[in-house]
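K.L.:
Sequence:
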Amino acid sequence: MKRALDKIFYPKTIAAIGASNKAGTIGYMLMKNLTSGSFKGKVYPVNPKYNQIHGYLAYHKVRDIQDDIDLAIIATPAKTVPRIVRQCGKAGIQGIIILSSVKEAGAQLEADIREYIKEYDLRVIGPDSLGIIQPALGLNATFASQTALPGKIAFISQSGALCNAILDWSREGNFGFSHFVSIGSMTDTAYH
9 MKRALDKIFY PKTIAAIGAS NKAGTIGYML MKNLTSGSFK GKVYPVNPKY
59 NQIHGYLAYH KVRDIQDDID LAIIATPAKT VPRIVRQCGK AGIQGIIILS
109 SVKEAGAQLE ADIREYIKEY DLRVIGPDSL GIIQPALGLN ATFASQTALP
159 GKIAFISQSG ALCNAILDWS REGNFGFSHF VSIGSMTDTA YH
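For the sequence shown, position 22 matches number 30 in the numbering used here, and the numbering has no gaps at all.
In short, the hints are calculated from the structure, not lab data.
Computed cross-link-like contacts, DSS-like style, restricted to lysine-lysine with a CA-CA straight-line distance of at most 25 angstroms:
| no. | residue 1 | residue 2 |
| --- | --- | --- |
| 1 | Lys69 | Lys30 |
| 2 | Lys98 | Lys87 |
| 3 | Lys57 | Lys40 |
| 4 | Lys69 | Lys20 |
| 5 | Lys30 | Lys87 |
| 6 | Lys57 | Lys98 |
What you are looking at is a predicted structure, and each value in this text was computed from that prediction instead of being measured.
Required output: the full structure, derived from the provided sequences and hints.
P.N.:
Shown next, in the form of structure tokens:
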């Protein structure tokens, strides 16, 4: 389990699934945050609608990437999430963050996600997650409008709204974090 969590919190390669060039979308903010900081790892945008996203070569599917992916971040419509989780499992990706909101889409989607978590022995943060920030790595894997400053205290919350409020407060007070984690609806942690 530690290795899969390391893939989430210390990734060297990230697939941003649902990354977008369309301003105002979660996929746009995710890709902007992943590429505008000092993160030294590789970022692979995945979206069949684009050939390039934010100047990066875009891939149509995760399996098209010719690299081992540590972390997949999913920001796609709810109905596509179980299929993408399964594709990630088949591709050997152990760590996944699901930003997509699936609550309103029905219990069957979450059941399907749990099934693939078990089948492929995955570790998943979300769905309904704001994402994670690792300030020491320069990693902002969220769709938040700002990032966390570096510090020595970890912050974890289920609520994305609370995460945004704490980010605002911390920036005003010049207060930093070692890890900043929005766990969302905890489909994986509730399952395990």
